[in-house]
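Q: Letter by letter, the chains look like this.
Number of protein chains: 2
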Amino acid sequence: MSSTQHAYAYLSRVAEPPNPAVARLVAEVGAVEAAAAIRRRVAPPGHQEALDATETTYEIDLAVQDLATVEACGGRLVTPEDAEWPAWTLHALNTASTSARGGAPLALWVRGPARLDELTERSIALVGSRAASSYGSHVTSTLAGELGQSGWAVVSGGAYGIDACAHRAALAMGASTVAVLACGIDRDYPVAHARLLAQIAGTGAVISEYPPGISAAKHRFLTRNRLVAALSRAVVVVEAGRRSGAANTAAWARRIGVPLGAVPGPITSAVSVGCHQMISEGQACLVADSAAAQRLAAPDGLTLFDSVDTAATRASTDDGTPSSGTGAHDDPVLTCLPGRGGVSVSDVANSAGLPVADVRARLALLEVAGSVVRGPDGWRRARTGG
Amino acid sequence: MSSTQHAYAYLSRVAEPPNPAVARLVAEVGAVEAAAAIRRRVAPPGHQEALDATETTYEIDLAVQDLATVEACGGRLVTPEDAEWPAWTLHALNTASTSARGGAPLALWVRGPARLDELTERSIALVGSRAASSYGSHVTSTLAGELGQSGWAVVSGGAYGIDACAHRAALAMGASTVAVLACGIDRDYPVAHARLLAQIAGTGAVISEYPPGISAAKHRFLTRNRLVAALSRAVVVVEAGRRSGAANTAAWARRIGVPLGAVPGPITSAVSVGCHQMISEGQACLVADSAAAQRLAAPDGLTLFDSVDTAATRASTDDGTPSSGTGAHDDPVLTCLPGRGGVSVSDVANSAGLPVADVRARLALLEVAGSVVRGPDGWRRARTGG
Chain A
1 MSSTQHAYAY LSRVAEPPNP AVARLVAEVG AVEAAAAIRR RVAPPGHQEA
51 LDATETTYEI DLAVQDLATV EACGGRLVTP EDAEWPAWTL HALNTASTSA
101 RGGAPLALWV RGPARLDELT ERSIALVGSR AASSYGSHVT STLAGELGQS
151 GWAVVSGGAY GIDACAHRAA LAMGASTVAV LACGIDRDYP VAHARLLAQI
201 AGTGAVISEY PPGISAAKHR FLTRNRLVAA LSRAVVVVEA GRRSGAANTA
251 AWARRIGVPL GAVPGPITSA VSVGCHQMIS EGQACLVADS AAAQRLAAPD
301 GLTLFDSVDT AATRASTDDG TPSSGTGAHD DPVLTCLPGR GGVSVSDVAN
351 SAGLPVADVR ARLALLEVAG SVVRGPDGWR RARTGG
Chain B
1 MSSTQHAYAY LSRVAEPPNP AVARLVAEVG AVEAAAAIRR RVAPPGHQEA
51 LDATETTYEI DLAVQDLATV EACGGRLVTP EDAEWPAWTL HALNTASTSA
101 RGGAPLALWV RGPARLDELT ERSIALVGSR AASSYGSHVT STLAGELGQS
151 GWAVVSGGAY GIDACAHRAA LAMGASTVAV LACGIDRDYP VAHARLLAQI
201 AGTGAVISEY PPGISAAKHR FLTRNRLVAA LSRAVVVVEA GRRSGAANTA
251 AWARRIGVPL GAVPGPITSA VSVGCHQMIS EGQACLVADS AAAQRLAAPD
301 GLTLFDSVDT AATRASTDDG TPSSGTGAHD DPVLTCLPGR GGVSVSDVAN
351 SAGLPVADVR ARLALLEVAG SVVRGPDGWR RARTGG
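The listed protein sequences derive, respectively, from chains A and B. What the first sequence shows, in the UniProt record's numbering, is residues 1 to 386, in sequence order. What the second sequence shows, in the UniProt record's numbering, is residues 1 to 386, in sequence order.
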């Protein structure tokens with residue numbers, strides 16, 4: 001066990017994640033230093049809040065034990081230091097407008113053999129009502145099965161209803177599926193899904209930002225929902241009542257720019273009301289089949305890996321480093337960005353006529369080059385960029 | 001029987017409507033002169049086409065007989081000379097882009113007590129598959145019943161399936177309903193709907209542009225569909241397969257700027273495929289209840305009569321004549337119009353934040369004032385308007 005792993009495991013429990021103060025401290029000094037500062041009660045200037053947040057908990061260090069617990073159930077702690085850390089996909093959670101409500105997770109507890117970065121590059125979330133109708137269950141099974149067959153990982157929340165149908169259909173197809181939990185990955189919640197969760201962990205991943213032993217709780221479902229959205233290339237709501245947890249996941253998807261779809265159903269069905277509302281208010285695209293869900297997630301029909309590679313190649317100089325400076329001005333993504341305000345990745349993709357994956361990759365390179373910034377309203381050109 | 005009525009009745013049969021050549025001749029010289037010219041085989045310059053179109057038929061004058069036939073079944077011929085002629089609503093059919101495929105009807109054969117202008121000011125078309133599912137039938141009955149209860153006339157095509165459900169539910173609510181036929185109003189098509197059509201004619205209207213005795217035929221369904229759209233303030237497709245007659249009515253609605261809605265259904269239902277396609281392609285708004293259908297037809301929640309009056313008042317000078325000249329420049333509708341190309345009434349309504357009915361009324365006044373013109377692509381500012 002590395003000191004980094006130990007530090008992340010300690011930080012994961014010392015303040016309930018997501019904790020913006022602890023996250024800011026880690027971003028500034030790294031996990032090892034942050035853990036040391038919290039333990040020693042000496043924070044760098046401007047980081048008193050991280051000490052306040054850990055006032056009553058800093059002496060509790062279960063890092064060794066937690067790491068052993070998850071290892072015992074076939075799990076591990078994945079941190080930003082690991083090659084499999086899905087950095088880009090979680091990056092969207094760190095905009096000013098979203099970080100206050102829960103930025104990127106510090107680290108993720110994971111049960112299952114799949115690499116997080118590979119899994120989340122080709123993933124679609126299917127979410128919906130716990131009180132699924134037989135129509136909803138049927139549709140979820142069909143969609144999840146077809147997506148699995150096409151090589152997509154199906155992400156959901158492990159709950160009753162739509163979630164369980166989605167996981168089960170993906171498993172039946174031999175496809176990867178990801179359950180993001182609102183409790184520790186060693187807990188089976190709901191208890192009746194113990195076997196299902198074990199099956200998911202057998203080929204895909206059971207993921208949580210909560211350390212082992214933590215129980216599911218209402219506020220944790222809401223923060224968990226942001227991870228379901230952030231770890232997926234598209235979110236599709238299959239059934240949702242007027243006020244539902246799925247609507248919360250949908251709101252997260254919109255907030256962080258993950259394409260959102262909703263499946264229509266009979267207008268006489270109470271669990272389709274939320275879907276119809278999202279579609280008619282222009283928040284979600286109508287998804288009538290798995291092909292539509294895939295178009296949402298990868299508008300160009302390419303896998304993300306393909307297109308990221310291509311984009312990186314195109315936007316790099318000959319020696320492989322990202323291009324910057326004046327050359328970047330011709331970048332089709334850059335020309336689609338406003339100088340003030342901001343736009344979403346999908347808006348840029350529409351304007352530039354490029355796949356979302358390409359736009360993401362280019363934005364990452366342009367950000368490194370200092371040509372673009374991400375503000376509270378989305379992406380815009382950097383004032384000093386040229 | 002006036003000579004005008006006689007002329008229209010003659011013209012209605014002498015060339016199968018809609019006949020653009022005959023319509024142009026009537027527009028130029030009036031119905032009486034047009035009928036005389038065709039009978040005498042002497043057309044004004046540029047109108048040879050109207051003679052060609054009537055080459056083999058000009059001697060057939062069944063006007064007296066046709067008028068007697070419809071009178072015998074409680075009908076009448078409504079012409080542009082009549083106060084009840086729904087001039088505005090049919091005007092949309094006379095744009096350059098649509099008139100070639102069937103402009104405004106020359107006249108309408110009508111069975112039923114309702115005044116056409118009043119009926120069509122508060123009308124919503126419910127159309128859909130003949131092979132309606134039980135879901136589609138149920139939804140149509142609910143929507144039509146609720147719309148009828150709210151004072152809307154329900155327009156449809158008198159066919160099996162969705163059409164019949166719509167008419168029947170409106171009748172059951174004691175509301176007006178309008179059947180636009182692809183045959184003469186003295187013909188019961190389909191035969192099984194003889195009683196239904198008689199009931200419709202008892203309180204609402206059975207309408208056709210074809211003279212009595214004309215049978216339904218495939219091409220007549222398509223031209224009939226344009227009247228269903230033009231006589232309605234909104235068209236709502238309840239169920240439609242991938243290729244359906246309802247899709248044709250929907251296309252007419254979009255072409256002439258009538259708001260289009262579609263009801264979603266199970267994605268497993270073949271007769272909802274067309275609806276889902278229209279919604280996901282942005283052609284139709286999702287309609288999940290009768291309130292949504294009413295918002296489509298009257299976005300401000302006012303009746304068209306109310307808002308037309310208001311708009312006319314606002315846009316008039318003190319002596320009641322429409323304002324024109326420089327004052328019109330401040331008109332919110334005018335400022336939303338492009339100088340080139342053209343936009344639809346609903347686009348203007350969206351841009352100006354005004355109800356469609358207001359925009360229509362203002363456009364009519366601005367057109368009279370010479371400030372706006374209707375081109376092949378929609379409305380734009382007149383080049384010489386100021």
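Among the hints, erroneous ones may be present.
What the hints assert, rightly or not - Listing some non-contacts, in silico: residues in chain A with all C-beta distances to chain B over 10 Å: (1) R40; (2) L62; (3) K218.
To be verified - Here are some of the chain A residues that sit facing chain B, going by a computed Cβ distance under 8 Å: (4) E84; (5) S133; (6) Y135; (7) V139; (8) V191; (9) P264; (10) G265; (11) T268; (12) I279; (13) S280; (14) A288.
As the list claims (entries may be wrong) - So the derived label-pair ranges between C-beta atoms look like this: (15) A/G282 <-> B/A270: 23 to 29 Å; (16) B/S134 <-> A/Q149: 28 to 34 Å; (17) A/T268 <-> B/R39: 46 to 52 Å; (18) A/N94 <-> B/R242: 42 to 48 Å; (19) A/Q149 <-> B/A217: 54 to 60 Å; (20) A/P376 <-> B/G339: 35 to 41 Å; (21) A/N94 <-> B/A270: 41 to 47 Å; (22) B/P44 <-> A/G282: 47 to 53 Å.
No lab work stands behind these hints, which were simulated from the structure alone. Quick reminder that beta carbons are idealized off the backbone N, C-alpha and C, glycines included.
Q: So, for every hint listed, does it hold in this structure?
A: Hint check:
1. Consistency note on A/R40: stated as away from chain B, and its beta-carbon is indeed over 10 Å from all of that chain's, at 57 Å minimum.
2. With a least CB separation of 47 Å from chain B, A/L62 remains clear of the 10 Å interface cut-off, as annotated.
3. Even its closest Cβ contact with chain B, about 29 Å, leaves A/K218 beyond 10 Å, as expected for a residue assigned away from the interface.
4. Contact between A/E84 and chain B, as hinted, is not supported at the beta carbon level, the nearest pair being about 35 Å apart and thus beyond 8 Å.
5. Evaluation of the A/S133 hint against chain B yields a violated restraint, the C-beta minimum of about 10 Å exceeding 8 Å.
6. With a least beta-carbon distance of about 6 Å to chain B, the hint placing A/Y135 at the interface is held under the 8 Å criterion.
7. The beta carbon of A/V139 comes within 6 Å of a beta carbon in chain B, closer than 8 Å, and the hint placing it at the interface holds.
8. A hinted interface residue such as A/V191 counts as satisfied when its beta carbon comes closer than 8 Å to some beta carbon of chain B; here the least separation is about 32 Å, so the hint is violated.
9. For A/P264, the suggested interface contact is upheld, since its CB lies about 3 Å from the closest CB of chain B, less than 8 Å.
10. Nearest Cβ of chain B to the Cβ of A/G265: about 6 Å, under the 8 Å cut. The hint holds.
11. Nearest Cβ of chain B to the Cβ of A/T268: about 7 Å, under the 8 Å cut. The hint holds.
12. Taking 8 Å as the C-beta contact cut-off toward chain B, the hint placing A/I279 at the interface holds, the least distance being around 5 Å.
13. About 4 Å separates the beta-carbon of A/S280 from the nearest beta-carbon of chain B, less than 8 Å, and the hint is met.
14. About 4 Å separates the beta-carbon of A/A288 from the nearest beta-carbon of chain B, less than 8 Å, and the hint is met.
15. Restraint check, A/G282 to B/A270: a C-beta distance of roughly 27 Å satisfies the suggested window 23 to 29 Å.
16. Under the hint 28 to 34 Å, the C-beta atoms of B/S134 and A/Q149, about 32 Å apart, fit the expected range.
17. The supplied range of 46 to 52 Å is broken by A/T268 and B/R39, whose beta-carbon atoms lie about 58 Å from each other.
18. For the pair A/N94 and B/R242, the beta carbons lie near 44 Å from each other, so the given range of 42 to 48 Å is met.
19. Range check, A/Q149 to B/A217: about 47 Å between beta-carbon atoms, so the 54 to 60 Å window is missed.
20. The given range of 35 to 41 Å is respected by A/P376 and B/G339, whose C-beta atoms sit roughly 37 Å from each other.
21. Checking the proposed 41 to 47 Å range against A/N94 and B/A270 shows it holds: the Cβ atoms sit about 45 Å from each other.
22. For B/P44 and A/G282, the hinted distance range of 47 to 53 Å is satisfied, since their beta carbons lie about 52 Å from each other.
The structure shown violates the earlier hints numbered 4, 5, 8, 17 and 19.
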